[in-house]
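Chain residues, written in single-letter form:
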Amino acid sequence: MKAKAIKVLIAKPGLDGHDRGAKVVAHALMEAGMEVIYTGLHKTVDDIIRIALQEDVDVVGLSIMSGAHVPIARKYMQKARDAGIDDKMVVIGGVIPAKDIPQLKKIGISGVFPGGTPFLDIVRFIRDNLTHA
Amino acid sequence: MTSLVEKILNGDEKSAARLISKVEEENSGAYTALSRLLPHTGKANVLGITGPPGAGKSTLAGRLAVAFADSGRNVGVIATDPTSIHTRGAFLGDRLRMKNAEKKKIFIRSMAHRGYPGGLAKAAAGAMYVLEGLGKDVIIFESVGAGQSEKGLFLLCDTIITVFTGDYGDEIQLLKAGLTEIGDILVVNKADKPGAEEAKKDLEAFSSRVNTPGDWHVPVLLTRADSGEGIEVLTDAIKRHWRFVAESGKKEQKKKEKLGLLFIALLKEEFWQRTQKRLKKNRLFKDVLSDVRSGKTDPYSAMQKVLDSLGTTNI
Ligand SMILES: Nc1nc2c(ncn2[C@@H]2O[C@H](COP(=O)(O)OP(=O)(O)OP(=O)(O)O)[C@@H](O)[C@H]2O)c(=O)[nH]1
Ligand SMILES: [Mg+2]
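Residue numbers (the numbering used here), protein chains in the order written: chain A, 222 to 354; chain B, 4 to 318.
Be aware that one or more of the hints could be misleading.
[What the hints assert, rightly or not] Straight-line alpha carbon distances no greater than 20 Å define the calculated PhoX-like cross-link-like pairs of lysine-lysine that follow:
#1 264/A x 107/B
#2 300/A x 108/B
#3 280/B x 259/B
#4 280/B x 225/A
#5 46/B x 271/B
#6 296/A x 309/A
#7 242/B x 225/A
#8 264/A x 106/B
#9 225/A x 264/A
#10 300/A x 17/B
#11 300/A x 326/A
#12 271/B x 283/B
#13 242/B x 46/B
#14 264/A x 283/B
#15 106/B x 300/A
#16 106/B x 296/A
#17 300/A x 107/B
#18 46/B x 283/B
#19 264/A x 271/B
#20 309/A x 17/B
#21 244/A x 259/B
If you are wondering where the hints come from, they were derived from the structure by calculation, not from laboratory data.
Bound conformation, chain A alone:
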């Protein structure tokens, strides 16, 4: 049996139109040996759930710059439970004030990476916290 490559979905939920950061993170994860899918801009939470399910990714990374990270995270986790894919690791990056991090963790987000987080920290977090079956 082969070791599974880590498969990551980088998703852009909602209305904000900036995806430079998302693309750069996608590239960094790829350089770290992961298989990365990027959704493109303006995806609904339903779209993202469907993509994560079909692609059977290990990690879903939500990139949010609009300030709506808390409601989006809540909505995502609810729908992930409904779809039966709440076993996948969810991380969030983007414009995230430090004061919101505890709340995001409580909602079920595993890792929060505000803009400026070194890529290596993200890579290490994913590697260390994935529990591969």
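Position chain B with the ligands against the provided structure of chain A, taking the given hints into account.
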């Protein structure tokens, strides 16, 4: 894995996605599941799309997927992107180009190529059977886009579309790449760009192989995958080709060939895996390898020595 098969046959996407992952991991349980799915397969129309990087394969695949879905077909897409030979990572960017496909009942799976020869990932055949088990009756493969030696595509697809653009180069490039040899339908995409008409003429000249009457005549079509122009003509040509392979008996013949080739490919892989495991524990192999590295033995004699020691029985 029994319930997984049943769930897939009942149309459960999540189970299908999981089984495809297990096939990618080469999980032996996954192979058992596949053999249980196989009796439910073989009826889908399978389409392969190949062509040079950036020609518009994914955009076109997305358009075709939506067009077939709109006409009532149940569509699955398996898109392959290259794996970096340095990092083993991959950027799976095909899905992003398949606009509107997300809204329909289309199942898209992105696959890293992982260096498997033949333009598709090693798990491609298995993934196809999973999607057929899920009820998909049109399956579209996008190859990694190398162009040459797309054996995997040949093996799995009823119909191959090769996508070109106006700036492929000149006729020599065309001959070298051998790309015109492998399409049942040739498409010049980006018809809005200069050179497209010219490319169509070149391709028509090169694709008119010496056909015997009753043979398939390879059409050359202009499209604009970004706006959707020419897609209808293309889907008509695809359907014509499906009828052609069905009526000429080619589909039946190929289906049998397919299974034979798949069997050999699986066996070859398994033999190698097992041999590798044996070699890792083999003292002589280690010694010979270090002799080769230090220049004491040359690779050719080394190979002979190890083969002799392994013998041919008991693999
Ligand atoms: N002008 C023009 N651009 C197009 C057309 N079709 C696709 N494109 C654009 O061409 C670029 C590449 O398209 P893709 O569909 O990703 O091409 P591809 O062959 O799948 O690329 P790889 O998978 O990377 O080899 C995208 O920016 C598309 O929007 C077309 O008909 N005209
Ligand atoms: Mg593509």
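Structure-based check of each hint:
1. For the suggested pair residue 264/A and residue 107/B, the alpha carbons sit about 14 Å apart, so the restraint of at most 20 Å is met.
2. A distance of roughly 18 Å separates the Cα atoms of residue 300/A and residue 108/B; the hinted pair therefore holds under the 20 Å criterion.
3. With a C-alpha separation of about 32 Å, the suggested pairing of residue 280/B with residue 259/B is violated against the 20 Å cut-off.
4. A distance of roughly 19 Å separates the Cα atoms of residue 280/B and residue 225/A; the hinted pair therefore holds under the 20 Å criterion.
5. About 27 Å separates the Cα atoms of residue 46/B and residue 271/B, which puts this hinted pair outside 20 Å; it is violated.
6. Annotation: proposed proximity of residue 296/A to residue 309/A holds, straight-line Cα distance about 15 Å (limit 20 Å).
7. Of the supplied pair hints, the one linking residue 242/B and residue 225/A is violated, its CA atoms being roughly 38 Å apart against a limit of 20 Å.
8. Distance check on the hinted pair: residue 264/A and residue 106/B sit about 11 Å apart at the alpha-carbon level, within 20 Å; holds.
9. Taking the CA atoms of residue 225/A and residue 264/A, the gap is about 27 Å. The hint is violated against a cut of 20 Å.
10. Proposed proximity of residue 300/A and residue 17/B is supported: the alpha carbons are some 14 Å apart, at most 20 Å.
11. In summary, the hint linking residue 300/A to residue 326/A is supported, as the alpha carbons are separated by about 17 Å, within the 20 Å threshold.
12. Under the criterion of a C-alpha separation no larger than 20 Å, the hint pairing residue 271/B with residue 283/B is consistent with the structure, at around 18 Å.
13. A threshold of 20 Å between alpha carbons decides the hint, and for residue 242/B with residue 46/B the separation of about 15 Å falls inside it, so the pair holds.
14. Straight-line distance between C-alpha atoms of residue 264/A and residue 283/B comes to about 48 Å, which puts the hinted pair past the 20 Å bound.
15. With a C-alpha separation of about 17 Å, the suggested pairing of residue 106/B with residue 300/A holds against the 20 Å cut-off.
16. Between residue 106/B and residue 296/A, the direct Cα distance comes to roughly 19 Å. Compliance with the 20 Å bound is thereby established for this hinted pair.
17. A hinted pair counts as satisfied when its Cα atoms are at most 20 Å apart, and residue 300/A with residue 107/B qualifies at roughly 19 Å.
18. Taking the CA atoms of residue 46/B and residue 283/B, the gap is about 43 Å. The hint is violated against a cut of 20 Å.
19. The hinted pair formed by residue 264/A and residue 271/B fails the criterion: a straight-line CA distance of about 43 Å is larger than 20 Å.
20. At most 20 Å may separate the alpha-carbon atoms for a hinted pair to count; residue 309/A and residue 17/B meet this at roughly 13 Å.
21. Restraint check: the Cα-Cα separation between residue 244/A and residue 259/B comes to about 44 Å, which exceeds 20 Å; the hinted pair is violated.
When held up to the earlier numbered hints, the structure conflicts with 3, 5, 7, 9, 14, 18, 19 and 21 and fits the remainder.
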